[in-house]
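There are 4 protein chains.
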Amino acid sequence: MTQPSSLAIVAGAGAGLGQSLLSRFEVEGMTAVGLGRTRPINPIGTFLEIDLADAEATSLAIAELIAQHGPPKIVVHNTAELVIAPFEKTSLNDYQRTWTSMVQSLVILGQSVLQPMVTGGGGTLIVTGATASLRGGARFSAFASAKFALRGLTQSLAREFQPAGIHVAHVILDGIIDTTRSRDLHDLDPSKMMKPEAIAEAYWQLAQQPPSTWTHELDLRPASEGF
Amino acid sequence: MTQPSSLAIVAGAGAGLGQSLLSRFEVEGMTAVGLGRTRPINPIGTFLEIDLADAEATSLAIAELIAQHGPPKIVVHNTAELVIAPFEKTSLNDYQRTWTSMVQSLVILGQSVLQPMVTGGGGTLIVTGATASLRGGARFSAFASAKFALRGLTQSLAREFQPAGIHVAHVILDGIIDTTRSRDLHDLDPSKMMKPEAIAEAYWQLAQQPPSTWTHELDLRPASEGF
Amino acid sequence: MTQPSSLAIVAGAGAGLGQSLLSRFEVEGMTAVGLGRTRPINPIGTFLEIDLADAEATSLAIAELIAQHGPPKIVVHNTAELVIAPFEKTSLNDYQRTWTSMVQSLVILGQSVLQPMVTGGGGTLIVTGATASLRGGARFSAFASAKFALRGLTQSLAREFQPAGIHVAHVILDGIIDTTRSRDLHDLDPSKMMKPEAIAEAYWQLAQQPPSTWTHELDLRPASEGF
Amino acid sequence: MTQPSSLAIVAGAGAGLGQSLLSRFEVEGMTAVGLGRTRPINPIGTFLEIDLADAEATSLAIAELIAQHGPPKIVVHNTAELVIAPFEKTSLNDYQRTWTSMVQSLVILGQSVLQPMVTGGGGTLIVTGATASLRGGARFSAFASAKFALRGLTQSLAREFQPAGIHVAHVILDGIIDTTRSRDLHDLDPSKMMKPEAIAEAYWQLAQQPPSTWTHELDLRPASEGF
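Residue numbers (UniProt numbering), protein chains in the order written: chain A, 1 to 227; chain B, 1 to 227; chain C, 1 to 227; chain D, 1 to 227.
Hints were generated in silico from the structure; no laboratory data involved.
Be careful, since some hints might not be right.
No copy is singled out in the list; a pair is fine if it fits within one copy or between any two copies.
20 Å max Cα-Cα, derived SDA-like pairs, lysine to any residue [to be verified]:
id	residue 1	residue 2
1	K89	A55
2	K195	P163
3	K195	F227
4	K192	Q209
5	K89	A164
6	K195	A55
7	K89	G29
8	K195	P43
9	K192	G226
10	K89	N42
11	K192	A57
12	K195	Q205
13	K192	P210
14	K195	H69
15	K192	Q208
16	K192	G45
Keep in mind it's a predicted model, so treat the numbers as computed, not measured.
One chain only, chain A, in its complex shape:
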């Protein structure tokens, strides 16, 4: 499916899952490019500092990547903007920010990569969801509404671009990803966290599925996580 040296883009490529995805793609010989607001220390492959909610900057950067490397074969949308607060303490700005970071950024990304991918003969777009994609919990109103929106948008993209040979998949991450930051934030035994390398492997396998047998949604959670 995926040729060595073809382009893989991870939008939202911070330390943790983003970098593990780039690493997984690079191992296969792909040209791995990460996009995001904050450059991680020693980033894998190429990293472009960019605000993914900025349509002009993002579409320009991606157009340049495509001019140089051809249309991407794998694109991952992996931006995150978590707000946890009671409804009364969640500001309009919180709602706008989570929506802009997670939904508007997928619109911009999709409009930058999908048509070139169609022209380039196909490819895979994977969108990272969360528990909150399926359940609006108390104190998660901003985050859940944005993650729900992202899922609806991803379904529309899957149905619209499937006939043109683009595989669009939504992955529900139901658990804490094991990163330095998670270990600081959560009082949880790291053995109960999802390893970013294992998630990256699942994304890679999605991108290897032939058109006869595509997954449009799957969940991933630690064996230790109730569900």
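Position chains B, C and D relative to chain A; hints supplied.
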């Protein structure tokens, strides 16, 4: 549950369902107030022309209503902003507009009414969903992502305000509502459209449920509609 | 929708919800008939002791009812057979018994009433589900698999009989019903249990929906129940 | 995860997916054993003719396999019993047969393999679902109710055996599998059918997931299939 002369607010009170809801509430002796951008001809009860995505204007208008009539016992969120277009032809502005009209307006409405309703001893908030709340179809990316977001937000509100005695329900309208505008737009036998009075009755029944037995989500569709 | 003196049948009419349903229907002037294995003390309306998993006995009894009263306008399927046990301790017989009591009984009931209801000009069939209709929990494998099956069967019936004017609805009861038996079994404040009269009211309202606006699934739970 | 020479069992190992699964497992050096009523021509690995709804025969055969090879590392439940008919033409026997073939057989299989797998240090059980696992369509009442039941049962098994290190996953096959039989039955371009080898690959990947990152449900469908 609902006392005569208590306040009922319909946010998004255009001709069709909005007006039928106000009529249903007025029949019960409630003070029916519609809010929306465009005043319908001969509106039921009081109609306030207001942009529901404008936080300041909306919260001020609702504060005045509450000062005059006490906290509402029934509030319906019923704004609509339909966009149907291929992804490539859907602008960022389309996404922002559907989100602002449908999701931001519920945040503003909720932050204006919920705390007074809690103080006032309870009440019901009903949010109008659509087929696109559960399924992101081709050419519905903007509308579906906003309707998904609305559902996630509504679930969070239900879980957060349930302990305080507020019943928050989401209604999935899976069909065309029979209005003058629908009859012009759709080449569909009106006998296959949902009658706004029948939908209003279902909303009224939701508001009558005692706390021992609350519905949080139901669907409504014509007998003629495949599903 | 429902004429006085028309027939209402509740299959699974024990003390609690079954009897409350019959009472609600009788108040409207309907001829209320309960079916079930065990006659409750002072049953509402007519009670026929019958094993609802017995095809011959059930279809014969219903044929006689129809000969006498005409086809039913409302039929409720409300049989219950709860098994809670670890998978290793759940016998094949447990699986067969829950399935036979809940699923086979709906097949037999449907094949006895649906065609006469079509001929009689329509009516409503309501099927009682549970939390376990949507979620297979640990130690609920027998009960959940039967309740899932019941939901699948109900959906097929809804889609098959909708064009013929039969409204088939599935109600998810997510909480403990307040009965003498529940109060003995559960160490739960009865104020946190669902009142059978309130559930019966919701069923009655379903049966009143006009064909333009049918609900096919709704949930009911106490305000005190997490979800 | 999976050691060469460890045991893989496919219950429902006919021509098509069953045989492709055995082939995929054998390629990895596993001992591949197929179970089923009808021996395919030139079966992969070992094939035992057995009625999987027969508790005694099945548990005995599996106990012998375990005595010989140790507990299985991968077990797939893949029995099928399709009935398509209007509700009025579907007999009680049809319902019993689909349930027995698909649900009872999983109970028997699970009670034969799960405890040994726990003792053996873990493993993966994969259950094959269908479109009808999520949607009860017209004329599918028997098949859908059994597939719904299977999904509920699988969820209970997943939740119950996850803490003991067993990965239980449900795969929704939403499309026609490309087999000789499908090509005869369906007037569908084989390029629009799912290749059994590709499905087998997805099952294999599920069995490779580490406990930090388990999928409990995924869908598989051809790019050509609407959803």
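Taking the hints in turn, this is what the structure says about them:
no. : hint        : verdict
1   : K89 - A55   : between (29 Å within a copy, 15 Å between copies)
2   : K195 - P163 : between (34 Å within a copy, 18 Å between copies)
3   : K195 - F227 : within (18 Å within a copy, 29 Å between copies)
4   : K192 - Q209 : between (29 Å within a copy, 15 Å between copies)
5   : K89 - A164  : between (44 Å within a copy, 16 Å between copies)
6   : K195 - A55  : neither (32 Å within a copy, 40 Å between copies)
7   : K89 - G29   : neither (47 Å within a copy, 35 Å between copies)
8   : K195 - P43  : within (18 Å within a copy, 39 Å between copies)
9   : K192 - G226 : within (11 Å within a copy, 25 Å between copies)
10  : K89 - N42   : neither (37 Å within a copy, 39 Å between copies)
11  : K192 - A57  : neither (38 Å within a copy, 40 Å between copies)
12  : K195 - Q205 : both (16 Å within a copy, 16 Å between copies)
13  : K192 - P210 : between (32 Å within a copy, 12 Å between copies)
14  : K195 - H69  : neither (30 Å within a copy, 32 Å between copies)
15  : K192 - Q208 : between (28 Å within a copy, 18 Å between copies)
16  : K192 - G45  : neither (29 Å within a copy, 37 Å between copies)
The structure is inconsistent with the numbered hints 6, 7, 10, 11, 14 and 16, although it conforms to all the rest.
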